[in-house]
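First to last, the sequence lines map onto chains X and L.
Letter by letter, the first sequence follows residues 167 to 544 in the working numbering.
Letter by letter, the second sequence follows residues 73 to 506 in the working numbering.
Hints may contain errors.
[Unchecked claim] Per label pair, the in silico range of CB-to-CB distance: (1) 272(L) x 536(X): 44 to 50 Å; (2) 277(L) x 480(X): 39 to 45 Å; (3) 281(X) x 88(L): 38 to 44 Å; (4) 131(L) x 234(X): 20 to 26 Å; (5) 428(L) x 289(X): 53 to 59 Å; (6) 220(L) x 410(X): 20 to 26 Å; (7) 211(L) x 250(X): 41 to 47 Å; (8) 199(L) x 279(X): 30 to 36 Å; (9) 271(X) x 97(L): 51 to 57 Å; (10) 194(X) x 199(L): 23 to 29 Å; (11) 276(X) x 216(L): 37 to 43 Å; (12) 279(X) x 258(L): 27 to 33 Å.
To be clear, the hints were calculated from the coordinates, so they are not data collected in a lab.
Glycine included, C-beta positions come from ideal geometry on N, C-alpha and C.
Listed below are the residues making up each chain.
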Amino acid sequence: MTLDAHYFDGRSSRRHSVSLAAGEGCLLLDSPDGMRIIPVADIRVSEPQGSAPRTLRFAGGDAFCEAGQGPELDALLAALGYRNPVAVRLQGRWRWALICLGAIFLTLAACYFWGLPWGAKVIAPHVPVSAMHSISETALAQLDGSLFKPSTLPEERRRKLLKGFQALAAADPDLAPFGDRLSLNFRAAPRIGPNAFAFPGGQIVLFDELVRLHDDDEEIFAILAHELGHLSKRHGARQLIQSSVIAAVAAAWLGDISYAAVAVSTALLNSGYSRDMEREADDYAAILLRRQGKSPALLANALEKLDRFHQARQRGTASRSSGTETADKTGEKNGSGNTASDDEDEDGIEKHLDWLSSHPGTGERIRRLRENPESADR
Amino acid sequence: MNDADVLRKNISVMEEEEIARRLDVDMFSDEARPIAEEELEKKRGVHEKTGKEAGETVVYRLQFTGSGGEYFRIWIVNLLLGVLTLGIYSAWAKVRREQYFHRNTLLDGSGFDYHGNPKSILKGRVIAVAFVAGLWLVDNTAHAFYYPVLLALSPFIPWMMIRSFIFRSRNTSFRGLHFDFHGTYKGLCKTYLAPFIALIFLGWAMAYVGVMATEGRIRPGEMSLMMGGIFFLILLLTPMLLHRFKRFQFDHLAFGASRFESHLKLRSFYGIFLRAFVLAPALIALVLILVFGFIGFMAAQGFTMTGAPGHTGRIAIGVIVALIYIMVVSVQQAYFAALTSNLVWNNTRLDAHAFKGDQTFWGICGVAASNGLFMFLTLGLYWPWAKVRLARYRASHTAVLTAGDFDDFAAGAAKEQSAIGEELADIFDFDISL
């Protein structure tokens, strides 16, 4: 049984018609110039690529044969003892392809839920605070030029808050790497409203609006404890690592569609991480408060006040609330988290879109802090 | 008469152009496609034979024989192996991908081939990743050094581009002969450096004007005037950059011992940009009018029923806007690439052979818009089909015009080449399309 094929010598593009047959451990190549016998060991068969012609390359030179696919070729290759590599056999069947697809999704999901957070947690403490500090300084300077205004709080009130803040920070040895880069900055931000931010470099920003909302300083300290949690747990560095990896993977997967698709999916995936970090910062605040002999309920009270304020504002000026959201997002991008109070009223859609938002529902956080304070002591 | 015969009969009565068009937009079922391709070849073969007998120029069209389902299986298996080996296997996956697209591209019955060595590709990727990670580290830890480091590394960019061209062409073959690239570092710098530096300068000027405006040193009116001026200069410069780039690429390309020759005029590149940037905005404007008409309609519906458009309505509008955006972007990218490819092939020769590119706006629209739509709906899983459909369209609209056959090319001297340049170029997203 013979197979018609084309032979190319590798020195010119001339196409020679030949016929191929299998011999004992060798290939018989019959051409008008005579018969050639090529040992099987000297033949490299190309992998099947759909319906494209296959090639049989011969050792020592660029010569090869090209043959169309079909039962004759399969019979010849079988007689020569050629077997497809594992990957090619997997590629041949839809069942295997679908199993591979499932396996990819499982692997990616495992990386997203466990691998990446774990890796970031391990690496984050090794990211130098000095590097994060200089990035944060730039971000803070930018915000000072736009959204942030100078604080108008009386000097005395500020000194008192600062003193409490320092006492709070001193209670956690994990904050030592920040040294004197840890700072409390007073600002006013009428367009953002009551809020506080922690920049990953150690700068915590407290808005006058938040101080004015809480007459009880203890509640303000509870919020500052939450912000210190972001710093102590290195949420800034972790977020940087996680979002870089996610952006790289998203770009590899979706880069061909559009960069907007990459940006949207990166933001969606990152928001899941921020919610976990908010919970972690709440737990941390609870521990820090208890260490000072205070109750975690202070943070719950503070959150409740903020929530009520923002809900009232939203109801009052529903049309202007989108401006507030934009402002918060700006802060989020540069800092590692704010106290989050603007989100999730009990409105149906907001609940639906919980996985879209960077903070867990305030109601859920308050419940966590009140109902089960012991669990926070892990 | 069995099914295949019925299909063949139905297809054979169609005009040549009709079959080609239906193949382009993927209108045939899996069983019908091979028959349609065969019939198309037969019809074209009649033309070719008559040409051959009269000693006239014969047109050989490229033919792409891959299918989306096949390539999906290759892609997904290789993707899994890549994920499981933490990316190491991706070099082997790349070779498989390139081989699939090369081997399934046929000219006069013979396939192209790809010979890249996975190990050298892996080596290139490791260096490329280290390079990018290093830059990232400098950017994030010692930002003051970022631009000096970038500047110090910039002489390597032309080198990487040359290496990438050489690697790619030497690893591509047809009928046993390899392509080659003869461009040099000096040559690339000479043709490319001046407009490139001018472009960087203009980019910097734009940023500077922006800073001045935010600091309030110039009025908004002045700013828009300056920005407009700079943007106009960039528009004037970009076609020039592409012209020089393509000329350099094709004037130094060789097949065996034969050199390609391109006669590309700068004027035609301005033509391309004009068509891509006048036609495309016109299309986008049309699309936007339709979208806003639709949003207005939705809003009106919402107001009559509930007083204001509901959240579901808002989400629906967002999805529709995103979808249209992706389709428009897909078409614009593919159309621009098609115009460039047509221009280059229609003005390039190889010995006595000439080339023809005849991709059309509507042809590209049909393929690219539906690709964008399905990519969006399947969250990117449609990618292999999209790639195959575009390859099929491009191949069937690229042809070689020859007075005889392809028997008379001779081999040149070929050497092994490292993949470092190509992988770096991959990451920095240079367009290298041969």
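How the hints compare with the structure:
1. 272(L) x 536(X): 44 to 50 Å: For residue 536(X) against residue 272(L), whose Cβ atoms are near 58 Å apart, the range 44 to 50 Å is violated.
2. 277(L) x 480(X): 39 to 45 Å: holds (44 Å)
3. 281(X) x 88(L): 38 to 44 Å: violated (55 Å)
4. 131(L) x 234(X): 20 to 26 Å: holds (23 Å)
5. 428(L) x 289(X): 53 to 59 Å: The hint (53 to 59 Å, Cβ to Cβ) holds, given that residue 428(L) and residue 289(X) are roughly 55 Å apart.
6. 220(L) x 410(X): 20 to 26 Å: At 23 Å between Cβs, range holds.
7. 211(L) x 250(X): 41 to 47 Å: holds (46 Å)
8. 199(L) x 279(X): 30 to 36 Å: holds (32 Å)
9. 271(X) x 97(L): 51 to 57 Å: This hint is violated: roughly 31 Å between Cβ atoms.
10. 194(X) x 199(L): 23 to 29 Å: violated (45 Å)
11. 276(X) x 216(L): 37 to 43 Å: The hint (37 to 43 Å, Cβ to Cβ) holds, given that residue 276(X) and residue 216(L) are roughly 39 Å apart.
12. 279(X) x 258(L): 27 to 33 Å: Hint violated: Cβ distance 53 Å, outside 27 to 33 Å.
When each numbered hint is compared with the structure, violations occur for hints 1, 3, 9, 10 and 12.
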